[in-house]
Structures are given as C-alpha cells and as structure tokens.
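S.K.: Can you build the whole structure from these sequences, using the hints too?
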Amino acid sequence: MRSSILVTAPNNTQVLTICLVDDDASVLKATSRLLASSGWKVESFLDPIAFLRYAEASKPRVAVLDVIMPIMNGLEVQTELQTISPSTRVIILTSKDDQSVRSKAMAAGASDFFLKPVNDDEFLAGIEAAANGTESS
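Residues 0 to 136 (numbering that gives the first Met the number 0) make up the sequence shown, in order.
Keep in mind that the hints are not guaranteed to be accurate.
Stated by the list, open to error - Restraint-style ranges between C-beta atoms, simulated for each label pair:
hint, residue 1, residue 2, range
1, 98, 56, 30 to 40 Å
2, 116, 35, 12 to 22 Å
3, 52, 120, 24 to 34 Å
4, 120, 82, 25 to 35 Å
5, 69, 103, 15 to 25 Å
6, 82, 119, 26 to 36 Å
Claimed, not checked - Derived EDC-like pairs (lysine to aspartate or glutamate); straight-line CA-CA distance at most 20 Å:
hint, residue 1, residue 2
7, 115, 22
8, 28, 120
9, 95, 23
10, 103, 134
11, 58, 75
12, 28, 46
These aren't lab readings, by the way, just hints derived from the structure by calculation.
Glycine residues also receive a C-beta, built at the ideal position from the N, C-alpha and C atoms.
M.R.: Below is the structure:
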C-alpha cells in the first residue's frame, strides 16, 4: 500500500520524491505530513517489496527506511536498493537504538540515521542534505 502527496521540494524548481518505508501506518502518516508541510513530494509504503518495485522503476532521490519490519528488514531493503537504484540516498529512521545496526547501515552507505521519535528540524536537515547529495551537520 502506498499514498502520495505532491508538492514541490524546498529551494528547488524540480519536484523531488522522498520515499518512506515503515510497517507502522501512524509513523508513515506523521512523517509524510512533516515532509509534505516542508515542501516534499512523498511516497509512503507499508510493504518493502512494493517499495522496491517502485524504486526500480522510479529511482527516487531519497528513501527513509525503518529497520524492524516483517518480510524484509531495513538493512535488507537498503542492500537491495543499492542494486536497483544506486543513486538513491538512504536514511534510517528506527525506534531501536542498536549500534551494530547503525554501523552496518552507515557502512553500507546510509546518509543518516535517526531514532524515533525524531527531532523534526534535525530530520528535515538530514532529508535536505541527502536530497542535495551532501552530509547533514
């Protein structure tokens, strides 16, 4: 299942897509609203397999992945995404503060790693940095 909100990206004339992948619908809804209110186009996915099919065809600029999900965990999604859309920047957004997971995600090329509940300003700065291909501060 996915939902879409179309708006223009901050400080850009081109519409950039931020994909959210989380098995918690309430997290998807809240995060989608935050991003949309800041001017991003958002595609939300409860199912990581559906997201990967979308990503293969659409090559999104940024994907925000939860770690703990049924079917595939976020690190598995990140690995598959590197194969089908290597230009997509990955941000991890998870409720589990696990140094091993953080290290694996960052070693695999994640742009950033955030814990839920996320600080909105820091998260938006991370999204902006990933979308621009830079590192967040």
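S.K.: None of the hints should be skipped; say for each whether it holds.
M.R.: Taking the hints in turn, this is what the structure says about them:
no.	hint	in the structure
1	98 to 56: 30 to 40 Å	holds (35 Å)
2	116 to 35: 12 to 22 Å	holds (18 Å)
3	52 to 120: 24 to 34 Å	holds (33 Å)
4	120 to 82: 25 to 35 Å	holds (33 Å)
5	69 to 103: 15 to 25 Å	holds (19 Å)
6	82 to 119: 26 to 36 Å	holds (32 Å)
7	115 to 22	holds (14 Å)
8	28 to 120	holds (18 Å)
9	95 to 23	holds (14 Å)
10	103 to 134	holds (18 Å)
11	58 to 75	holds (17 Å)
12	28 to 46	holds (14 Å)
Comparing the model with each earlier hint shows no violations; every hint is respected.
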